[in-house]
Structure formats: structure tokens, C-alpha cells
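Chemist: Here's the letter readout for the chains.
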Amino acid sequence: MPGSLPSRKTAMQSTLTATTGLEHPLAVDRMHPTPAMDTLLAQDEALVLAAQSGDGAAFDKLHERYARLIHGIALVYLSHTDAPDLVQDVFLAAFQKIRELKSARAFGPWLASIARRRAVDLLRTRKTTVELPDHLPVRDRRTDEALAVLAALRELPQCYSEPLILRLVEGMTGPEIAAQIGMTPDSVRVNLHRGMKLLRKRLEGGEACKNETTK
Amino acid sequence: MQERDDEMKNDYLWDRGGPVDMELFALERTLKPLRHRPRPSRWKHVAWGAVGVVAAAAILLCVIFLRPAEESLWALEQNKGEARVLRKGERVQTSNAELDLEAPGVGWLRLEPNSGLRVLGERGETERVALEYGSLRAVIWGPPAKFGVELPSATAVDLGCIYRLESNRNGNGSLSVEVGWVALQKDQVEAFIPHGASCTLRRNGPGLPVYDDSAEEFRQAVRDYEVKEATAQLQALLQAASPRDAITVWHIVQRGNADARRMAATRFAELTPLPADVKVTDLARAESTALDRAWDALDLGSTDWWRTWKQNW
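Sequence order for the protein chains is A and B.
Residue numbering for the first sequence follows the working numbering, beginning at 1 and increasing consecutively.
Residue numbering for the second sequence follows the working numbering, beginning at 1001 and increasing consecutively.
Hints are not guaranteed to be accurate.
Stated by the list, open to error - Taking lysine-lysine and the BS3-like style, the derived pairs with C-alpha atoms no more than 30 Å apart in a straight line are:
no. : chain 1 : residue 1 : chain 2 : residue 2
1   : B       : Lys-1186  : B       : Lys-1228
2   : B       : Lys-1186  : B       : Lys-1146
3   : B       : Lys-1146  : A       : Lys-201
4   : B       : Lys-1146  : B       : Lys-1032
5   : B       : Lys-1279  : B       : Lys-1146
6   : B       : Lys-1088  : B       : Lys-1228
7   : A       : Lys-61    : A       : Lys-102
8   : B       : Lys-1146  : B       : Lys-1228
9   : B       : Lys-1186  : A       : Lys-201
10  : B       : Lys-1146  : A       : Lys-197
11  : B       : Lys-1088  : B       : Lys-1146
12  : B       : Lys-1186  : A       : Lys-61
13  : A       : Lys-197   : B       : Lys-1279
14  : A       : Lys-97    : A       : Lys-61
Claimed, not checked - Here are some chain B residues pointing at chain A (derived, C-beta under 10 Å):
no. : residue
15  : Arg-1016
16  : Leu-1027
17  : Glu-1028
18  : Leu-1031
19  : Pro-1033
20  : Val-1085
21  : Lys-1088
22  : Ala-1103
23  : Pro-1104
24  : Asp-1259
25  : Ala-1260
26  : Met-1263
Said to hold, decoys possible - Just some of the chain A residues that point at chain B, by a computed CB distance under 10 Å:
no. : residue
27  : Leu-153
28  : Ile-165
29  : Pro-175
In short, the hints are calculated from the structure, not lab data.
Every residue gets a Cβ at the ideal spot worked out from N, C-alpha and C, and that includes glycine.
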């Protein structure tokens, strides 16, 4: 149609500077400043060493810090209702095997690989790939919308879907993702951006298809 | 190997740095219901188990006997990431804290302290809330005109943006648009407020949109004119107007009486060159094509855009 709508993305990205004296409306969703990743990794290393010596409180802390990672990885493969159970399974397995871990610094990648293996095993066992079980509690519209976007994310290659789910669902930043799964920041950044490009095309394609069917 | 395209410069995707990417922000909010929620420890599960059964029974009885109103799209964010879906007609009030509400496919609201809001539900194709008093900030990513705020003195229709609304119970207040556009409407009076501009609200409806960075002399002249609406104040306003203030002057042409329109149309043509086929006299009569073409001359977007929503002129 003539005189198309101003690009919402352009309009919204053009100026988002905080008004003097007023908190930016989106500041609530930003991460609080965190210590440098190196510092966090050093803290995690100390926790792993303590956990390997039998310190349960240290393992609880590791659980707290890495649960989002495992939950996000679970969402790459499993339904959102199965993801919490996988988190518990993975940490139980990790608790039982943590003394076998040779390098405390490798805790995150080690945990992530346990999660992926278990998720794939569970997937093979259940042969479940869609999010429409009948026995679930009644879902609300928010969950339905979320699941639709998750489905689009899961259609992406895993090297893209995993970091994007960790970023967009679990709210982890790129540096956190890189630190916890043991990839270089540059690699994670490239995968996030490539994945986002593909996701945008998929989501726009979905709108185009919807528009076509309503004509 | 490094990629250097626009996507790679998106700091918000990387670490939420830089300008907020609204598409990503909307995706984050949409996906939030699936986020990991820390589970209570096992002993807490056992300790609360019995209480949970009793609570569930009580809730069931309430549902049967009270028959709550229909659910709205809006969910109120509470502690620890839990959200409670609000009912249509439900009121939300704040004292010294803020409350966040969110609706899928629509957007996010922050009700500021000492404010009251009521969820109205859908009116036609627009999802509506009523700001009864106080202030709210809105970040809307739904389609234009999908969301609106009813105020004591006007209705604010979102046309895609971030903005802040303030109103007391008498209808006096203001609207400031940070990104995008908002339209204010009461009866036949409309105002279109672009980003970087504000508009007062009065009991009799919306005032005139003014850019926040307009000269203080001009902004004061607008305030004076809005109070008195007399010729002397109008003359002062028009004299103080710079080319950037032409949007304000356009609104006077659109809604003023005959004398005001004549004065404003003449000044508008001085501030913003009219297309060759548009006469000042036609503009002074608020003739619809002339108004359209004058608006187009502001270079804020074609009026065809407005026709996807609704216009009164």
C-alpha cells in the first residue's frame, strides 16, 4: 500500500536515550553490573574444588549458578515441562560424578555435555518433538506465544539455537554463555548474530504466511 | 574470522549494551514464561505439601462460588518472576512502589508509585487500560492502534512506541513520547505526538504537541495559549515558532476557530514551504486535502500512514 508504516524497528532503535532524571524504562531488564567473567570463573573453580571435597553448600551454589545453562540446553531438545526435570537429573548425575572431573575450570562445559547427552537420550526414548501434550494444565496466552517462538528457535541449527535460547529465554549474556559452555566469546557472538538473522527471517516468514492465508 | 555487518554491531544482543533493540526486547519478554525458575528445596516441598492441598481446595471453592470475571491479556509481574493474570475490570493501585504489567503481543507497562489503573480489555480491536490517576510508562510492540489508554480527559492510542503518561483524576496531566508516536483523542479533537515531543492533557482534552527541545519562549507561549486561547496569546505563539515547531502550528490549523486557522495557516506556510498546488486559503479552511498535504510537508511520514488507523480530518 502507498505510504507504508514507518519501520517500527527503525523508529524504536533511533533514539532510546534516558530522559534526564528519569530511569530508562527498560533498565529493569538489564543485567546488574557483574564482576568480570574471569572473577566468576575463579569463584566457580573454588566451588568445584570444595564440592569435590564433599562440601554440599558449594554444590548448591554451583547449582544456583548453572541451572539456567542446563535449563536452556534442555529447551533445545525437550518440552518446557520436561526441562526442569532434566535440570534435576543433570545435577544429580554431576553430584555423583564430580570427583571424576579432572579440571575444575571445565565444570561448565562438562555439565553442558552431560545435559546434551541426557536430553538426546530422553528425546530418543520419548520420541517427543512437539509442545502439544494434552495432559498439561491449561496454558495461558503468554505461554502459547512463548512456545511458538521457542518452536522457531528450535528449528535453527543447534549451534545457533542453543546460544539464542540461553540468551533470549534464560536471560544470559553473551559473555556468560561463553564462560559457562567453554567457547570463545567471538564464536558465541558470531553464532548469536547468525542465529538471530535466521530467526528474524523465520519469524517474518511466519507473518508473511499468515498474511497470505488471510487475504 | 570476524563478521562486520549490522547484526554484529548489535551490542544489545551480545550483552544488553548499547541502544535497546526493541525486537529483541519483545522476544525476551515473550519468552520469559519459559525461563528457568529456581525450585524450592525438597524439605520445603514436604513442609508445604499439606498446606498446598488445603489452599487448592479453598481456591477451587472460590472459583465455583465467586465466578471470577474473564481474564484479560495483562499479567502482573510479582516476586520471583511469577505472574498473575488480571481480570477484565480489575483495578491495580500502587503506593510507594512500581508495578509491571505485560500482555503478549501488545507490550509492557510500568505503573509508577501513587497511581491507579484499571484493565478494560478489548474495545473493538484495541486492548485498553484506564489510567485513573498517577503515571505510567508504556513500551508497546504490538501493531499500531492495538493498545490504548483511557484517561479522564482523552484517549491515548499507541501507534508504536515508548511513552510516559501522567494524569490526575480531573484529567490534567501530560504525555511524553520517547520513541514512535502516540495519538490523543477526545471527541473531535486529535493530537499526534511524535518522539521527542510532549502534549498537555486538560479537562477539555489534549493540548498541542510541542517538541521537548523547542525554545522555552515558544513552549511558554503554547502554555499561555492553551490556557486562554485568545488572539494575543496565539500571535505570541506564532511569532515565537521556528520551522521545527510547524507541527504545533499544524494542530492549530486543524482544530482552531476560523481566525486562529487563518493566522496559523499563514504562519505555517512561512515555516514550512507548502506544495505548489496547496493554497494557504484552502489550508485556512482546514480543507482535508490541504491538511494532508501540509502534514506531508512536515516530512514526518505520509498521511497514508494515519489512514491505517483513523483520522477525523
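Chemist: Now, for every hint given, state plainly whether the structure supports it.
Modeler: Evaluated hints:
no., hint, in the structure
1, B:Lys-1186 to B:Lys-1228, "holds (19 Å)"
2, B:Lys-1186 to B:Lys-1146, "holds (18 Å)"
3, B:Lys-1146 to A:Lys-201, "holds (24 Å)"
4, B:Lys-1146 to B:Lys-1032, "holds (21 Å)"
5, B:Lys-1279 to B:Lys-1146, "violated (36 Å)"
6, B:Lys-1088 to B:Lys-1228, "violated (40 Å)"
7, A:Lys-61 to A:Lys-102, "holds (20 Å)"
8, B:Lys-1146 to B:Lys-1228, "violated (35 Å)"
9, B:Lys-1186 to A:Lys-201, "violated (40 Å)"
10, B:Lys-1146 to A:Lys-197, "holds (27 Å)"
11, B:Lys-1088 to B:Lys-1146, "holds (17 Å)"
12, B:Lys-1186 to A:Lys-61, "violated (56 Å)"
13, A:Lys-197 to B:Lys-1279, "violated (48 Å)"
14, A:Lys-97 to A:Lys-61, "holds (17 Å)"
15, Arg-1016, "holds (5 Å)"
16, Leu-1027, "holds (5 Å)"
17, Glu-1028, "holds (6 Å)"
18, Leu-1031, "holds (5 Å)"
19, Pro-1033, "holds (5 Å)"
20, Val-1085, "holds (6 Å)"
21, Lys-1088, "violated (14 Å)"
22, Ala-1103, "holds (8 Å)"
23, Pro-1104, "holds (4 Å)"
24, Asp-1259, "violated (32 Å)"
25, Ala-1260, "violated (29 Å)"
26, Met-1263, "violated (30 Å)"
27, Leu-153, "holds (8 Å)"
28, Ile-165, "holds (8 Å)"
29, Pro-175, "holds (6 Å)"
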